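Based on these hints, arrange chain H on the given structure of chain A.
Here are the chains, one letter per residue:
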Amino acid sequence: MSDLPGLAVMVLGVVLFGWLVQGIRIAGRHASGTAPQQVPFIGGAEPRTHAWQRYHVRYYPMVLLFIAFEMEMMFMYPWAVVYVAEGIKAMVEMGMFLGILALGILYAWREGVFRWQ
Amino acid sequence: MAVKALARLAARSSPETFLVAGRNAQRLAEDLSCDRRIRPAMTPRHASVLLIVGEVPGRDVGPLRQLHDQMAHPRAPPECRSEPDPAFQVALRVPGEADPIDRVLTAHRDLFAGRLASEPDLLPDEPPAPWRGRGDHGQGGEGMMGGKPYGRPMPMTSDDLRDGLALDAYTLCAGPFLPGLPPGLLLEVELQGDVVQSAQVRQAPYEQSTVSRETLLLACIARFVRLLGLGALATRLLTAARAATSREPVDVRSLGRRLRWSRVLAAIPPDLGIVAGPGSDQQTDVRSRIAAWIAELESFDRSASAGTSAVPRCGLSELLTGCEWQEALLVLNSFAPEELSRICRPEDDGRAESA
Numbered sequence: 003m004s005d006l007p008g009l010a011v012m013v014l015g016v017v018l019f020g021w022l023v024q025g026i027r028i029a030g031r032h033a034s035g036t037a038p039q040q041v042p043f044i045g046g047a048e049p050r051t052h053a054w055q056r057y058h059v060r061y062y063p064m065v066l067l068f069i070a071f072e073m074e075m076m077f078m079y080p081w082a083v084v085y086v087a088e089g090i091k092a093m094v095e096m097g098m099f100l101g102i103l104a105l106g107i108l109y110a111w112r113e114g115v116f117r118w119q
Numbered sequence: 003m004a005v006k007a008l009a010r011l012a013a014r015s016s017p018e019t020f021l022v023a024g025r026n027a028q029r030l031a032e033d034l035s036c037d038r039r040i041r042p043a044m045t046p047r048h049a050s051v052l053l054i055v056g057e058v059p060g061r062d063v064g065p066l067r068q069l070h071d072q073m074a075h076p077r078a079p080p081e082c083r084s085e086p087d088p089a090f091q092v093a094l095r096v097p098g099e100a101d102p103i104d105r106v107l108t109a110h111r112d113l114f115a116g117r118l119a120s121e122p123d124l125l126p127d128e129p130p131a132p133w134r135g136r137g138d139h140g141q142g143g144e145g146m147m148g149g150k151p152y153g154r155p156m157p158m159t160s161d162d163l164r165d166g167l168a169l170d171a172y173t174l175c176a177g178p179f180l181p182g183l184p185p186g187l188l189l190e191v192e193l194q195g196d197v198v199q200s201a202q203v204r205q206a207p208y209e210q211s212t213v214s215r216e217t218l219l220l221a222c223i224a225r226f227v228r229l230l231g232l233g234a235l236a237t238r239l240l241t242a243a244r245a246a247t248s249r250e251p252v253d254v255r256s257l258g259r260r261l262r263w264s265r266v267l268a269a270i271p272p273d274l275g276i277v278a279g280p281g282s283d284q285q286t287d288v289r290s291r292i293a294a295w296i297a298e299l300e301s302f303d304r305s306a307s308a309g310t311s312a313v314p315r316c317g318l319s320e321l322l323t324g325c326e327w328q329e330a331l332l333v334l335n336s337f338a339p340e341e342l343s344r345i346c347r348p349e350d351d352g353r354a355e356s357a
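So the protein sequences, as listed, match chains A and H. Oh and the first sequence: position 114 is 116 in my numbering, straight run, nothing missing. Oh and the second sequence: position 155 is 157 in my numbering, straight run, nothing missing.
Bound conformation, chain H alone:
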């Protein structure tokens, strides 16, 4: 009885939605995340609905299935507007003219009211490989737990960059749908603690549709500011970006004032992510790039935009090596999508794929 009452309460709440952006859909996904009827979730574990916006290439269907299975029960069937890939079983298709948020709300209500069954798993409930050591009885091997537990090796020590303290080197494959990274980017990062030892791009980010300069600035600053923990300010900027897309007037001066008063520039570590500037002797770091974006937004001087674009001559590995993970995310988000695509060229070692 209490469970039914709780389920009725849950049905009336706004659904936690994990948004996945595909090709040419990052702006649309961000516009949908501003809708007050839903609560965007940071991980699929917190979400009850998975909303896929835009076209996701076939090679990323496996990660999508993983995200689907990582959602806790009860989970609604994924909503897809475009023609779904046959390998990814989609129960519900959203017709082109339907509002996706309405569909999300309906699915969420039906799920908790018991009218819709929770989606079954797509992947088998088995670890990738049995736990096996080196010995006849599965014992032995290097690492804390012996051998390769479930087929994955344990991180072993290697030399550190900063102070010579050899720590465990953990290889992280971040992406392609990690919040904080551009959609589609698959980054293989070797971390010791949270310090990046090396970074390789395995998959370039998806191409995104061209938008007006004002919308681009608002969206890029919003993504950056969200990483610094200012979620409300980021939502305000994304709402302004949505208004700019619809050609409604945007009070850029007020937004610029809020950005300056929030002291975002002081929160950025100095001399981070230094790349060559427009001139041969000019260099820009993350702080100066964000300051240039804010100044350009406040004055909205189109002629200044060509002068402030950074020209990264180094690859991603040189840019991120030595940064902490949070600093690495700040560096990645301090470039506009076009500049980032130039830096994120996949490594040419046979495992690379381009968008």
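Next up, chain A with everything else stripped away, as it sits in the complex:
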């Protein structure tokens, strides 16, 4: 019974939020403009198809790229913990490791893995 005021406030809050969402929807009904304004500007011609295009996820190159950066991360986490104690030697070793991985990323870059088409 002592929870009743809290429950009432919560229910009231939910109802008010619902009304707020509906109010925003009603207020913004004409925000998208008239039918001619919703057509994309392509020089004035009438569009023949919609402009919704799907893009391929490109799972294979994306996974390759992920693995390349993931391996860097995997070794840098424990390295970061001991780096200060180990000093310059640890930095040089990590630099060599990153250099080898950077070659792989450069190859992927040349192969167009970063081009979003």
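FYI, nobody ran anything at the bench for these hints, they're computed from the structure. Please read these numbers as outputs of a predicted model, since none were measured by experiment. Some hints here could point you the wrong way.
[As the list claims (entries may be wrong)] Not close to chain H: a few residues of chain A, all C-beta gaps over 10 Å, as computed:
#, residue
1, L14
2, G25
3, F43
[As the list claims (entries may be wrong)] FRET-style restraints, in silico, Cβ to Cβ:
#, chain 1, residue 1, chain 2, residue 2, range
4, H, P59, A, A70, 55 to 65 Å
5, A, P49, H, D112, 29 to 39 Å
6, H, E340, A, A53, 31 to 41 Å
7, A, Y62, H, A245, 52 to 62 Å
8, H, R41, A, A110, 36 to 46 Å
9, H, Q285, A, A92, 15 to 25 Å
10, A, G20, H, G137, 30 to 40 Å
11, H, S301, A, A37, 22 to 32 Å
12, A, A92, H, S15, 58 to 68 Å
13, H, S120, A, Q40, 17 to 27 Å
Cβ coordinates follow ideal geometry from the N, Cα and C atoms, glycine included.
For chain H alone, kept in the frame of chain A given last:
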């Protein structure tokens, strides 16, 4: 109160103007766009005034109405110098001797001061067709959203040119008043992503008046350079073209130096838009054509101009297929208007119209 104060501030600003060029008016439209009193807009949505320069044929009045309605409110009535087509309701006519920019400024000030009402829409506020699928209740059909939403089909997958990845093929009808394309050109392009799969000319570009070689070079290089993102340099070249039209002296060497220092040639992808050159074994690409224009401008050797014109033997489709959209625009703008008219012959399939 704050709204009125903002409206007064807006009235004092330079109006964003969308310029539409008709027949024999592209140079005039470009000269007007250099006027510092206005800001040329890239799309009608950004503009408050639509300025139509030159004669627009009757078949393009529909696209003009579309552009008019795409302008956001408040919008000024369109300004027209020539006799307006009765199908296109024009509220204000510009007398022949009046300065169109003065009219634009007056209309803009009156609009924001409340003395002029915003122009109503010309087209009905309805989609071309209701959203309808295949089923009895409007459901079903192919594509992501089902059926043909608003009468227009969804792009469906088809084979890709480059790497065999089948993507959605989107048909774009670019023009006739798209910035970056010559005025009047209606191009039907099938795109996958931004790669052109095929291109057909539905309407040839409008014919343009003959100008001096110096003016032509300056204007063509300005149009090209604007596509590469160098708006200030393009405006400088157009201002020089306006001076050349008025037979004032133009410092072409200084302009050539600015063009070389801006590294525009390095920004152009190599081996783009290759066509046969003047000789049988010579080929020119976009970079070499622009370099030839710049060299001709700097030396302004009239005898060299005949030798550097490209002779495109292929049609537009062969030229643009495989290019990305930005590359396609660069290829189109690397030809002088006369050469481009020869390439852009409408496809003869019953839907074509000539200028």
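Check: Does 15 to 25 Å hold as the CB distance between Q285 (chain H) and A92 (chain A), or does it fail?
Finding: violated, 56 Å
Next item on the list: Could you say whether the range 17 to 27 Å given as a hint is met by the Cβ separation of S120 (chain H) and Q40 (chain A)?
Entry: holds, 19 Å
Item checked: Distance restraint hint 55 to 65 Å, applied to the beta-carbon atoms of P59 (chain H) and A70 (chain A) -> holds, 57 Å
Margin query: For the hint 30 to 40 Å, verify it against the beta carbon of G20 (chain A) and that of G137 (chain H).
Written below: Holds, at about 32 Å.
Next item on the list: May I ask you to check that G25 (chain A) keeps its beta-carbon over 10 Å from the closest beta-carbon of chain H?
Entry: Holds, because the least Cβ-Cβ distance between G25 (chain A) and chain H comes to about 22 Å, which exceeds 10 Å.
Next item on the list: Check the non-interface label on F43 (chain A): least C-beta distance to chain H beyond 10 Å or not.
Entry: Since the minimum Cβ distance to chain H is about 5 Å, F43 (chain A) lies within 10 Å and the statement is violated.
Checklist line | Assessment of proposed distance window 52 to 62 Å (beta carbons of Y62 (chain A), A245 (chain H)) | finding: holds, 57 Å
Check: In this structure, is the beta-carbon distance linking E340 (chain H) and A53 (chain A) contained in 31 to 41 Å?
Finding: The hinted range 31 to 41 Å holds for E340 (chain H) and A53 (chain A), with Cβ atoms some 34 Å apart.
Note to self: Assuming the hint says 22 to 32 Å, is it satisfied by the Cβ distance from S301 (chain H) to A37 (chain A) or not?
What the structure shows: violated, 54 Å
Next item on the list: Please settle this one: L14 (chain A) was flagged as non-interface, so is its CB more than 10 Å from every CB on chain H?
Entry: holds, 34 Å
Check: Range hint 58 to 68 Å: satisfied by the CB atoms of A92 (chain A) and S15 (chain H)?
Finding: holds, 60 Å
Item checked: Distance restraint evaluation - R41 (chain H), A110 (chain A), Cβ atoms, bounds 36 to 46 Å -> Taking Cβ atoms as reference, R41 (chain H) and A110 (chain A) lie about 43 Å apart, which means the hint holds.
Of the numbered hints given earlier, the model fails hints 3, 9 and 11; all others are met.
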